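Produce the complete structure using the sequences and hints provided.
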Amino acid sequence: MSNESAQAESPQTPAEPRRDIRAWEIFWENPIGRIGLALMVVFALMAAASFVPPLIDPMYHPMHGVDPNISHSTGPSLSHWLGTDFIGRDIFSQLLAGARIAFMVGLSAALMSIVVGTLIGMVSGYAGGLTDTMLMRLADMIMVMPTLLVVLILSSLFGQLRIWTIVVLIALFRWPGVSRVIRSQTLTLKHRPFIEAARVAGASHLRILFRHIFPNVLPLALLYMTFRVTSAIVIEAALAFLGFGDPGTVSWGMMLQWVWKTGHMFQAPYWLLPPGVCISLLTLSFYMLGRAMEEVLDPRLRKEGEAE
Amino acid sequence: MALLETEHLTIGYRTRKGLLKAVEDVSFSLEKGGSLGFVGESGCGKTTIGMALMGLLPDNAKVIAGEVRFKGRDIFRLPENERRQIRWKEIAMIFQAAMNALNPVQRVGDQIVEAIRLHEPAFTETGAKARAATLFSLVGIDPERLSDYPHQYSGGMKQRAIIAMALACEPEIIIADEPTTALDVVVQAQILREIRRIQEELDVGILFISHDIAVVAEVCTHIAVMYAGQIVEQGTRSEVFDTPAHPYTQALLNAYLTIEEEDTALPQALPGESPDLTRPPAGCRFCERCDRALDSCRVEQPRWISPTPTHRVLCCGIEDLRHSSPKALQGGPK
Amino acid sequence: MTREAAPIIELEAVLKTYRRKKNFLGGGREKEVVALNRISLSIRQGEIFGLVGESGSGKTTAGRLIVKLEEPDSGRLIVRGKDLADIRGPALREFRRQVQMIFQDPYQSLNPYMSVYDTVCEPLIIHRLVPGQNRRQKVVETLAQVGLNPPEEFLNRFPHQLSGGQRQRVAIARATVLDPVFIVADEPTSMLDASISVQIFTILVQLREKLGATFLFITHSLAAALYLCDRIAVIRSGEIVETGPAKKVIRDPQHPYTRELIRAQPRFRRTVTEQESPHER
Numbered sequence: 029m030s031n032e033s034a035q036a037e038s039p040q041t042p043a044e045p046r047r048d049i050r051a052w053e054i055f056w057e058n059p060i061g062r063i064g065l066a067l068m069v070v071f072a073l074m075a076a077a078s079f080v081p082p083l084i085d086p087m088y089h090p091m092h093g094v095d096p097n098i099s100h101s102t103g104p105s106l107s108h109w110l111g112t113d114f115i116g117r118d119i120f121s122q123l124l125a126g127a128r129i130a131f132m133v134g135l136s137a138a139l140m141s142i143v144v145g146t147l148i149g150m151v152s153g154y155a156g157g158l159t160d161t162m163l164m165r166l167a168d169m170i171m172v173m174p175t176l177l178v179v180l181i182l183s184s185l186f187g188q189l190r191i192w193t194i195v196v197l198i199a200l201f202r203w204p205g206v207s208r209v210i211r212s213q214t215l216t217l218k219h220r221p222f223i224e225a226a227r228v229a230g231a232s233h234l235r236i237l238f239r240h241i242f243p244n245v246l247p248l249a250l251l252y253m254t255f256r257v258t259s260a261i262v263i264e265a266a267l268a269f270l271g272f273g274d275p276g277t278v279s280w281g282m283m284l285q286w287v288w289k290t291g292h293m294f295q296a297p298y299w300l301l302p303p304g305v306c307i308s309l310l311t312l313s314f315y316m317l318g319r320a321m322e323e324v325l326d327p328r329l330r331k332e333g334e335a336e
Numbered sequence: 012m013a014l015l016e017t018e019h020l021t022i023g024y025r026t027r028k029g030l031l032k033a034v035e036d037v038s039f040s041l042e043k044g045g046s047l048g049f050v051g052e053s054g055c056g057k058t059t060i061g062m063a064l065m066g067l068l069p070d071n072a073k074v075i076a077g078e079v080r081f082k083g084r085d086i087f088r089l090p091e092n093e094r095r096q097i098r099w100k101e102i103a104m105i106f107q108a109a110m111n112a113l114n115p116v117q118r119v120g121d122q123i124v125e126a127i128r129l130h131e132p133a134f135t136e137t138g139a140k141a142r143a144a145t146l147f148s149l150v151g152i153d154p155e156r157l158s159d160y161p162h163q164y165s166g167g168m169k170q171r172a173i174i175a176m177a178l179a180c181e182p183e184i185i186i187a188d189e190p191t192t193a194l195d196v197v198v199q200a201q202i203l204r205e206i207r208r209i210q211e212e213l214d215v216g217i218l219f220i221s222h223d224i225a226v227v228a229e230v231c232t233h234i235a236v237m238y239a240g241q242i243v244e245q246g247t248r249s250e251v252f253d254t255p256a257h258p259y260t261q262a263l264l265n266a267y268l269t270i271e272e273e274d275t276a277l278p279q280a281l282p283g284e285s286p287d288l289t290r291p292p293a294g295c296r297f298c299e300r301c302d303r304a305l306d307s308c309r310v311e312q313p314r315w316i317s318p319t320p321t322h323r324v325l326c327c328g329i330e331d332l333r334h335s336s337p338k339a340l341q342g343g344p345k
Numbered sequence: 037m038t039r040e041a042a043p044i045i046e047l048e049a050v051l052k053t054y055r056r057k058k059n060f061l062g063g064g065r066e067k068e069v070v071a072l073n074r075i076s077l078s079i080r081q082g083e084i085f086g087l088v089g090e091s092g093s094g095k096t097t098a099g100r101l102i103v104k105l106e107e108p109d110s111g112r113l114i115v116r117g118k119d120l121a122d123i124r125g126p127a128l129r130e131f132r133r134q135v136q137m138i139f140q141d142p143y144q145s146l147n148p149y150m151s152v153y154d155t156v157c158e159p160l161i162i163h164r165l166v167p168g169q170n171r172r173q174k175v176v177e178t179l180a181q182v183g184l185n186p187p188e189e190f191l192n193r194f195p196h197q198l199s200g201g202q203r204q205r206v207a208i209a210r211a212t213v214l215d216p217v218f219i220v221a222d223e224p225t226s227m228l229d230a231s232i233s234v235q236i237f238t239i240l241v242q243l244r245e246k247l248g249a250t251f252l253f254i255t256h257s258l259a260a261a262l263y264l265c266d267r268i269a270v271i272r273s274g275e276i277v278e279t280g281p282a283k284k285v286i287r288d289p290q291h292p293y294t295r296e297l298i299r300a301q302p303r304f305r306r307t308v309t310e311q312e313s314p315h316e317r
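Chains as they are written, first to last, in this note's numbering: chain A, 29 to 336; chain B, 12 to 345; chain C, 37 to 317.
To be clear, the hints were calculated from the coordinates, so they are not data collected in a lab. Treat the numbers as computed from the prediction; the structure is a model and nothing was measured. A couple of the hints might just be wrong.
Just so you have them, the derived chain A footprint on chain C, three or more residues with Cβ under 8 angstroms [as the list claims (entries may be wrong)]:
{"hint": "1", "stretch": "128 to 134"}
{"hint": "2", "stretch": "138 to 146"}
{"hint": "3", "stretch": "154 to 164"}
Where a beta carbon is used, it is the ideal one built from N, C-alpha and C, also for glycine.
Okay, structure coming up:
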């Protein structure tokens, strides 16, 4: 009987290391991935550190903290590393707070739009027929609407928007792109033998969707999430800059708005440049992460069906 | 002098798990107009050899040792432009599933003409078209079909078109890597007959690579059996098939089911799997699966033994070598 | 196997067509392709029945209809005397427990994100026939049955860590974990090497003994059919041209197509004259 058995790989052949470790290795080899990750870590640290300044001295609070000795915008100094804004608030702590907001907005908006987009994409691709048509028409309609414009209109109707409302709105407008991609992926997966095998085994549609299709579209969804983060951050910044942000939160866009509104655009480079540069760098870092992840995904997909 | 010769060729792939020695110490020669078949299962290294001969190894592959001489010249030492000259004009290759390599939006005739003019710029458009027509007649397709698109061809026709393209520059050697795998049995039989006929008519040398022994036997007068990167047995067709000496060759022949057998009980299955070539075993690579392995096989490298001047076998167990017919393996305990 | 057992699965005048758009280059005209042209098949309990044909003959479609991956346009699928046209719900689930399939491509028929344990355990979870704590045991037993030894070492492996032959064994384990009554094996070895194929065939034969299951073996290889099957049917372009005991059909074919198929089978023992020029060193 043991003649026919396939021996488990003997000590000669160690079992392959786990996929995630391999994925990490591939990711790490790519300089773009490394840079993107490093940048993101820097900003994450900034965001984490944003709680520190007010604890050191209440005057460092980004929103309410005012230096008693200063009541206008000043350049960088020992007590204010990036200077102060027009009413004497510390710019550096504002920058840190802005990082926190950017992450929060970016990640939550991206997460929400991915969750919605993936669900809709999967259901649409799997179900086909009328459901598919209707969902994709809906996606098309939303996709052609200019996000910024609509949000501006909505906020002019409803007054100042709170930050979380902005997040939800961004998510609501950004899911169609994801859903299209996930739908295509689902369509290809639908006919793969392992899905058919699950059907033959008696799996319900729900089970197939979540146990079989979802894990296979997840990498793609995560990839798109990184790109969504970039657009979410930019949209929020744009809204804030145009004066439609949440006035109670200090975001980089808000900072830019203040610079502009108070006429310091060309007088205070120490105030104007940092938030702008941060927006660019943070979105760049997520973009780089996304590109590096693509490389991780591709060879893995190509791994199926080894040739000689 | 042999047209194509290989000596102690060893090729490895750099992988994340380490160096994978796909081909180890392979030596063979091919005469003008001769036909040599490489038989072996997946992972044995036969495709790697084909690609190495064409100079088409991927970036992570490395020729660790050995030489390949075409018409006496070491092709690995040639500069790239000279190698390109040899490639296709003197040595042509038919890849696996080559028929999928046809451009679906271009007429087949145009593709062949393009290939001809690429390698022989002296040809005019008219001249190349005429040559294409001749080639089609040679491989048995009506030259009128040159103006069709690939999707209008059947699988067999596409494969013939590929063969025609390979012959376009009148090469001296054709390397065919599983040229009939994707085809139906009936078509396969036709294509193999064509290949044999063309080979004899044009005196083209053929290096035929396949996992299917029967296919190799149809076309080749000489056979090399490969296992885990090494040639384990080499000889004329009748030597290898009628009097196989290496246990792997015997097992391979045993596993090949044909409809001519009287006894249709399943043969004894060869247990286990091929070894991991990133950590090749110290001794014989086949001994884990061999039913005649001696203790020494595990630690000693096997030696070459030649039962006849043209037949050689890589095996440790000299005394145990039996020129048994493959079916003698059957009838063992199930 | 000449006992006249009762038919367990029958196809009766089954018609299946597909609408295929012609290639975009050839214009978008839709063409109706008849995959199965009112075929009838009767498979008896306990036998290994071979369906032999070339690609495009409809043999895979027949297999898919039997496991209800698709429905026929007309005609009936009869299991143990009952027409199974519109079964749903619990009846369909019971059908799925009893009728299983082994797919052709071991590189695509396993979910790359599921471990061997997950894959083989899934039918147990779906059908709730084995209580949670016994599932691991059942999976281990099934893996041993298909020759993956020691089973424990394979439980946590993923498909990309397995060879083609090992993957196909896992696929067989998945198909047999619920002790099905009928198994469709769709060209289970066409993507595997010859020596691994023999391993797989051996497992299938052993399973027939152990489970008492009936098999439909779909293949393009007459030789494999000869070695494995009790009876075979030869199919071409959606029509069955000949049926009968395997040995008889192959040794004494009646239909011209069967004869042509047999003639085309490679023969390598009858060597034609060869020139023995000194080639090797």
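* **Proximity test - 8 angstroms, beta-carbon atoms, the stretch 138 to 146 of chain C to chain A, at least three hits** => That given contact holds, which follows from 7 residues of the stretch 138 to 146 of chain C lying within Cβ reach (below 8 angstroms) of chain A.
* Asked: How does the coverage statement for the stretch 128 to 134 of chain C fare against chain A, requiring three or more residues with Cβ below 8 angstroms from a Cβ of that chain?
  -> holds (count 4)
* Are three or more residues of the stretch 154 to 164 of chain C within 8 angstroms, CB to CB, of chain A? -> As far as the stretch 154 to 164 of chain C goes, the hint holds, because 4 residues have Cβ atoms under 8 angstroms from chain A.
The structure shown violates none of the earlier numbered hints.
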